[in-house]
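Protein chains: 4
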Amino acid sequence: MNHHQYALTPPMGWNSWDCYGATVREDEVKGNADYMAKHLLQYGWEYVVVDIQWSEPGAVSSAYRPFVPLEMDEYSRLVPAVNRFPSADNGNGFKPLADYIHNLGLKFGIHIMRGIPRQAVHQNTNILGSDKTARDIAKPNSICPWNTDMYGVDETKEGAQEYYDSLFKLYAEWEVDFVKVDDIADSKLYGTHTEEIKMIRKAIDRCGRPMVLSLSPGPAPLEHASLLEENANMWRMTDDYWDLWELLYNMFDRCYKWSKNRGPGFWPDADMLPLGHIGIRSVDGGASDRFTRFTKDEQITMMTLWSIFRSPLMFGGELRDNDDWTMSLLTNEEVLNMHRTSHSARQVYRKNDKIVWTAEGDSEIYVALFNISDRKQTVSISLDELHVSKEVQPRDLWNKRQLASVNSEIRYDLSPHASILLKINK
Amino acid sequence: MNHHQYALTPPMGWNSWDCYGATVREDEVKGNADYMAKHLLQYGWEYVVVDIQWSEPGAVSSAYRPFVPLEMDEYSRLVPAVNRFPSADNGNGFKPLADYIHNLGLKFGIHIMRGIPRQAVHQNTNILGSDKTARDIAKPNSICPWNTDMYGVDETKEGAQEYYDSLFKLYAEWEVDFVKVDDIADSKLYGTHTEEIKMIRKAIDRCGRPMVLSLSPGPAPLEHASLLEENANMWRMTDDYWDLWELLYNMFDRCYKWSKNRGPGFWPDADMLPLGHIGIRSVDGGASDRFTRFTKDEQITMMTLWSIFRSPLMFGGELRDNDDWTMSLLTNEEVLNMHRTSHSARQVYRKNDKIVWTAEGDSEIYVALFNISDRKQTVSISLDELHVSKEVQPRDLWNKRQLASVNSEIRYDLSPHASILLKINK
Amino acid sequence: MNHHQYALTPPMGWNSWDCYGATVREDEVKGNADYMAKHLLQYGWEYVVVDIQWSEPGAVSSAYRPFVPLEMDEYSRLVPAVNRFPSADNGNGFKPLADYIHNLGLKFGIHIMRGIPRQAVHQNTNILGSDKTARDIAKPNSICPWNTDMYGVDETKEGAQEYYDSLFKLYAEWEVDFVKVDDIADSKLYGTHTEEIKMIRKAIDRCGRPMVLSLSPGPAPLEHASLLEENANMWRMTDDYWDLWELLYNMFDRCYKWSKNRGPGFWPDADMLPLGHIGIRSVDGGASDRFTRFTKDEQITMMTLWSIFRSPLMFGGELRDNDDWTMSLLTNEEVLNMHRTSHSARQVYRKNDKIVWTAEGDSEIYVALFNISDRKQTVSISLDELHVSKEVQPRDLWNKRQLASVNSEIRYDLSPHASILLKINK
Amino acid sequence: MNHHQYALTPPMGWNSWDCYGATVREDEVKGNADYMAKHLLQYGWEYVVVDIQWSEPGAVSSAYRPFVPLEMDEYSRLVPAVNRFPSADNGNGFKPLADYIHNLGLKFGIHIMRGIPRQAVHQNTNILGSDKTARDIAKPNSICPWNTDMYGVDETKEGAQEYYDSLFKLYAEWEVDFVKVDDIADSKLYGTHTEEIKMIRKAIDRCGRPMVLSLSPGPAPLEHASLLEENANMWRMTDDYWDLWELLYNMFDRCYKWSKNRGPGFWPDADMLPLGHIGIRSVDGGASDRFTRFTKDEQITMMTLWSIFRSPLMFGGELRDNDDWTMSLLTNEEVLNMHRTSHSARQVYRKNDKIVWTAEGDSEIYVALFNISDRKQTVSISLDELHVSKEVQPRDLWNKRQLASVNSEIRYDLSPHASILLKINK
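Protein chains in written order, with the numbering used here: chain B, 489 to 914; chain D, 489 to 914; chain Z, 489 to 914; chain U, 489 to 914.
I should point out that these hints are in silico values taken from the structure, not numbers from a laboratory. All of these numbers come straight from a predicted model, not from anything done at the bench. Where hints are given, some of them may not hold.
The list treats identical chains as interchangeable, and a pair is accepted whether it falls inside one copy or across any two copies.
What the hints assert, rightly or not - Here are the computed lysine to any residue pairs in the SDA-like style, where the Cα-Cα straight-line distance is at most 20 Å: (1) LYS839 to ARG689; (2) LYS645 to TRP634; (3) LYS645 to ARG553; (4) LYS686 to SER747; (5) LYS676 to PRO633; (6) LYS784 to VAL548; (7) LYS842 to TRP813; (8) LYS620 to ARG553; (9) LYS784 to THR819; (10) LYS842 to LEU558; (11) LYS657 to TRP886; (12) LYS518 to GLN881; (13) LYS839 to LEU715; (14) LYS686 to ASP841.
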C-alpha cells in the first residue's frame, strides 16, 4: 500500500467550507494561503484546500443551486469557474493557483464529488482515453442525496476506470497535493461507495503524483475499516461537524470506536475545526456569519481531543480574521508536538461523562482529562493505570505550566465541557 | 372521494408489459385491441394499456437504455415516439390511438413514471401554466432506482402542481381512461411517494375526465392504506409478478393482509396475469419468449385467488396467440361473475399450506380451497364455519359441474399447487 | 367472526392503570364502580377494568417488582392477591367482585399478560385438561421486555391451547366481560405475537361467555390489520398514552392511518383518557399524583378526536375526584351520540398542522376542526368538500350553541392545540 | 491492558462442542486430553475446553432441554453435574479435572453463559461477597434467545460486579486457564452486551489468575472493535460455523473486514474446526454423527485461511478418531510456524471469487491463492504487488515441495474451492 508512504503524520491545513461554503474565490484562497505561510507554516500547517463546487460560476452560499450548469472540459471533467478563479482562464485549470501556493512553501488541495457530471451524461460527452462516453459509464441508480452535480460511475462498465484515470491525470497536471472526495465514505441512500473508492485509489496510484486521499462525508462505518485503510489516507468519522456542543459531545464516542484503526498514512478524521470567523457565506450548521459559538473551554476540549486522537487538523475559519485566542490554539508547540509524534492513544475509561485519554511519546506520557457533563466534576486517573510507578510532576500543556507533584492519583476539578491536557515524564 | 365513483368493479384489460416490455408498437396495440373487442369484451375485458417508455424511440426490450433522449413537447411533457406510434405525428399524441380503441367499445390506458423528465430539468424547459421551469420544481434527491427517465417533483415548490395539472390536461385531451403511475407506490430508496400521489389525485380531479388511477410498483405498504384508498383506484400489493411459483405462493399472504382494505373504487392489485404468450420482447422474470411457465394447476390457482380476492385482472400475454386453454381462463362466466359481484372475501384459515377463502354473493357462497404445498393434501372446511346449516351441493366453477352433496364438511384431495373453486347456494 | 357480535359500539368505561398503576385494591374498584353506576352509566359508561398485576401482593406503584412471587392456583393460573382483593379468598377469584359490579348494572373487566407465569415454568406446575406441564409449553425465547411475570406460550406444543382454554374457562366462571391482554399487540423485541392472539381468540370462542378482547400495547402495526380485525375487538394504536401534548399530537397520524380499519365489533384504540385525578400510585408518564397536565383546550381536542374517530373511551382518573369540568367531558350527550352512532369518519385534510375530520350521522354531518400547531391559526373547510350544497347553521357541540349561518366555507380561528366540533344538518 | 500479556499467539486446542454438543463427559474430556498430550502438544495444541451446559445432568445432545434444573452452589454459581463429571463430587468443582489436564502439560478451559441462573433468580439465592441476592441483580429484559439457563446481570445494580467476581474467584480456585463466554459478543435480540463484557474483564483482572477470555457467538460487530480488543483475547467473527461450504465461503469476507484489528493478545476468531469425527451427540449444523462433510480441497482451504489470518485454532472433532489425513492438517510444521509467527496478513485482492492473501515472516513472505468459485480458475499475483523484485522459488507448504521458479507472476490453476499456500524467501 504505497499510499501509506505519504501523510505520515495527520495532515494540517485550511479548508474553505466553514467560512465560504460553495463560493470561495481565488483571492480569498490566496489571502488565506499568504496568512498561513507567514504565521502558521512554521507550526506545521501546510494544506490549502478549495472545497466544493469550484466549477459553479453562480454559487452563492453553502446551499447548492440544483441542476445548474457547471464549467467542464471536452472530456467530461469539471474545471474551475473562471469568474471565480481568473487564473484558470485559457484552460489553465488550477495550475496557476497551485503554483502560487507551492511558491509559498504550502500544498494545494481540492474537493471533488464522486462520479461524473450529470450534464456530461445528458449531453453524452467524451471520456479521455476511451471510446466510451459519459452515458456509458454513469450508474443509473447512483446519485448524491444532497447535491445534483454528479451521477456515480459504474465500475463494471468499460471506460469507468479510464474516466477516473483522466481526472487524476488532470489533477496531477495541476500539481494537486490533496483530494477530498465527497459523497463517498457514507451515503444515506446507499452506504459506502466501496467500488468507486477502489477506482479512485487505482487512479491516484497511476497518476504519477502522490496525493493525499480524504474521503467524506461520515460517519464512515467501522464495518469498512479494512477497505478504508487500504485505499485512503483519511476518512470522516462523522457527518458535517459544526460549532455545536452536541456534535463535540458525540465525537468522543466516535474517536473511541476508531481508536484502533489509525497509523502513519491512514487517519480517521474528526472533520474541520469550526473556529474563529466562520459562516461568512455559509448557512450550514444552523447559523451564518459569526465567530465560533464554542466557548473557550469547549475549544480547548475540541483541540485536545483532536490532537491526542491525532485527527487531521483542518482549520475552517477565515484565517486573516484570527484573534490572539484563536491563534493560541493553533500555535501551541507542545500540543502540536504530541499531535505529530505521539502514538498508542486510547481512551482509558469513560464513566458519568468523565473521560480520560492517554497517548505515548518517546519519553513522556500524555494524559487528557475531560468533563463532558453539564456540571462541575472531578476527573481522576491513578498513576497505576498509566503504568507509572514514581512521583510525577504533570505539565499543563495549554497553560504552559508545571503542576503540583502527584504520588498516586492525578485528579482535577473541571468545569462543565472543560478539559486539561497533561504531559508526564516517563 | 369522487374517484370512488369509477372502477366500481375491479378493472379488467390487457397490458403490453409482459409480452413487449418497453417496446410495444401501435400496430401491436391495435391488434390486441381488435382481438379484445371481438373475443373478450363481452366478458368484461375492456382496458387496453400501453405500458412504460412509449416516448423512447429506440426501446429494444424490457431493459431500459439509460439516459437516452425521449420525445417531449415544449412544456416538458413526454409524448409518444412517432416511429413507434405513427398516428401520434403532428403533435397528435395518443388521441388517434385512443379514438381507435374507443371506437371498438374499449377503454384506453397509459403508463407514466412519477416526476418530470430529467432531460427537461437539465435543459430547463417550460411548464404550462406557470412561469417556473423544470429546474425549479424537480426534487434534487428523488430518482427512480431502476429507470433514468425522470426526477421526482417537489410538492413544496411553486409550479409543481401546475406541472402535474398540465400532464393530466394533456391526457384528458387524448381521452385517456386509465393511468398507471409507476415508481410511486413503493421505492426501495424512499418508500411511498405520498406527496406526489396527492398531487396526481388533485390533477386528475381537476382535469375534467374520469381516469382510473393505478399505482405501481409494490409492495405498497399497509401503513399507507388510508392514503392509498383516498387517492387511488388500485395499487400494487407486490413487486413485479411473473410466472414463478414462489411469487404466486407469496401472493396468498399479500391478499390476506390487504383483505380488509378493498371496495368499490379502490382495489389492491395482485399485478398482471403472465399467461399465454409472454416475453416476446421482454427479458424480465428470468426468461424471454415463451408460453407461461405456470402449470395448468397453477394457472387455475392464480385465477381463483385473483378472482375471489377481486384483484384487477390485466392480461399480460399477446392476446392474438391465445390458445383454447388460455381463453378458457378468461371467459368463465361464473368465475367472472364472482369477480364482478361478490363481496366480503376473506381467508377463513391457513394451516400447513392449506388455505380456504370464501366470499359472499347475493344468494350464494363462494369457497376456494387451495393446496399450496409441494405434496398432495386434503383441504377441508366445515359448513359450520361457513354459517351454512343445511345440506348443500357444491358446484365446481372451473369444471362447470355439480359435485356430490355435502352434509357437514367440504373436503377434497388436491394436487400440489392445485385448488378448487366452489359455489354453494345459501 | 362471532366476536364481531359484541362491542358493537366502542366500549366505554374505567380502568385502574392511570391512577393506581399495578396496585389497585378491591375497595377502590368498588368505589369507582359505585360512582360510575350513579353518575355515568346513564351516559353509556359501563366497563370497570382492573389493570395489571392483581396477583402481586406487594405491588407498590406502576414500577413492577421484578421476579417476585405471584398468587397462582394449582393449574398455573394467576389468581387475585387476597390481601388486595379480600373477596377472592377461599379460591373465589374475581367472582364476588364481578357479582358486585354486575349488580350495579355494570360490566367487569380484567387485564392479563400474554403467556404462562415464569414461576409456574420454573416450578413446572400442571395445566388443567392436559398431561403436559408448564415447562412443556413455555416458549424459550419469549419474554415481555418490561415485566418479568410471564413466558410466552409456544403454539406448536401440545398443551398450549389447553392452557389458554383453562384460563378463559376460569374467567368465564368469574363472569368476566372484558379482557385486556398485554404484551401481545406489539413487542419491541418480537413484533406482534400473532399465534398467541389466535390461541386466545379460540379460547374465548370456546369458553361459552362473550368477552370483549382488547390487545395491548401498541403501536399495533397496520401490517396486521386483517389478523387484528379477525381476532380481537380492540387493539392499541399507540404505546402507553399520557397527558403529554406530544403524544396527543402524534395520535392524529395514528388515527388517520387506522381510519379505514374499523367497524362494529373491531375498534382501533387510542388508549385510556388520562383526565381528572391521575398518578395516585403511578409514576409512569413522567409524573406522579396530579390532576391531568392537559390544558382545557387539549382535553377538548383529545375528547373530540377520540369521539369522532370512535376510539374506545376508557377513563383513567379516580372517578370519585372528578370535578365539574371533567364531568362535562364525559356527559356531553351530543358528543357521545356521535361517538355511539356516527360512521364513515375520515380525515378530510391535514396541512400545516391544521386538520379537519368529518363523520356521518343519519341526518347530520359532524365536522371537527383542529389546530395542533403552537400558534393561533384559522382552520377552514368548504361546504363543497363536505358535499353540502345549501346554507347551514353549524352547532358547536362542546359549547352547546348554534353558530352563525355559513354559505360556502366553515372557518374558525383556533388557539394553539384547540379544536371545535360541529354538527350540521344534511 | 494486562490481558494482552497472554494469548500472545492465537490459542490452539480442542473443544467438545462439535462432537458432543452439550453432553460431554469427564472420561471423554480426559481421553481427548490424553491424545492431545501424546500426539499434538508438540505442535502447539494445548487447550482442552469443556463447552456448554456442564451443569446440566440430563443433557442429551446439542438441543437444550428448556427450563430444567442445573447444578448450582449456595452462591448462585453453576457447578459441574456430578453424574457427568464424577471428580467434581464433594464440591470439588472442576479442580480435579484441571489438575489432570495440567499434569499432562496442557491447559484447561470452560464455557459459561453470560448472566446468572434463572433458577437462582426465581429461588432468590445469595451472592458471595454481597448482601444482595440473585433477584436484585438480574436484568429484567435480558435473556439468551436460544438457551433458557440464565438472565443477564444488570451492571447498574449493587451486587452485580460482586457476582461476576465470585464466579471468577471460583474458576481461579479451579485453576481454569481459558473461559469462553457465550451469548455475549452478539445477540439477535440485543446486539453486543458491552457492559457485561466489561464486568467480566474486571472480574478476571481481579481474580489473580491469567485466563484467556473468548467471547461468543458472532458475528461480533466491527463497530465494537475497540471495546473487544480492550476487554477480550478473542471474539467470534461468525455465528456457529459448521462443515458447510457457504459458511466457509462467507468467512473470507469476515476475515477481510477484521484484518486490521488483530495482534498479540487479541484475536478475531473464525470458530472451531469441524474436522474429523463430529456430530457424535450433536444435531447442529444440519447433520449428526459423521466425518466432516468438507472435501479435502475445502479442508485445505479452511486451514489455509485460518492459519494465514491467524485465527485461534480449536479442533472440533473427537481427537481419538483422527485419521492420517486429518492429522496431516494439524501437524504441518511449516503451516503452524506461519500461524504462530507471521504478521501483517492482508487480503491483496478479491475478484471473481479469486482471492489472494499474504503475510510476512522474518525472512519470508507467505502467499495464499484461493479459488472459491464453483469452477476451475487460474489465480495469480505479480511479484511486484508483493514488493518482491527478484526471481523466487515458491514452496508449496501443504505438499511440502519446491515449485518452479517464478520471474514476474505467481500463477496456478485451482480446482473449485481449492487453494495453494506458498512460502517465498524475501
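Structure-based check of each hint:
1. LYS839 to ARG689: So LYS839 and ARG689 pass the 20 Å test across copies only (16 Å; inside, 40 Å).
2. LYS645 to TRP634: Close across copies (17 Å), not inside one copy (25 Å); limit 20 Å.
3. LYS645 to ARG553: between (30 Å within a copy, 14 Å between copies)
4. LYS686 to SER747: between (24 Å within a copy, 18 Å between copies)
5. LYS676 to PRO633: Cα proximity of LYS676 and PRO633: in one copy and across copies (7 Å, 14 Å).
6. LYS784 to VAL548: neither (31 Å within a copy, 48 Å between copies)
7. LYS842 to TRP813: neither (26 Å within a copy, 50 Å between copies)
8. LYS620 to ARG553: Classified as between: cross-chain Cα gap 15 Å, same-chain 29 Å, threshold 20 Å.
9. LYS784 to THR819: Answer is within; shortest intra-copy Cα gap is 16 Å, inter-copy 60 Å.
10. LYS842 to LEU558: Classified as neither: same-chain Cα gap 49 Å, cross-chain 41 Å, threshold 20 Å.
11. LYS657 to TRP886: Neither: 44 Å inside a copy, 45 Å across copies.
12. LYS518 to GLN881: For LYS518 and GLN881, neither the intra-copy (44 Å) nor the inter-copy (56 Å) Cα distance is at most 20 Å.
13. LYS839 to LEU715: between (32 Å within a copy, 14 Å between copies)
14. LYS686 to ASP841: Only across copies: LYS686 and ASP841 sit 17 Å apart there, 39 Å inside one copy, limit 20 Å.
Going through the hint list in order, the structure does not satisfy hints 6, 7, 10, 11 and 12.
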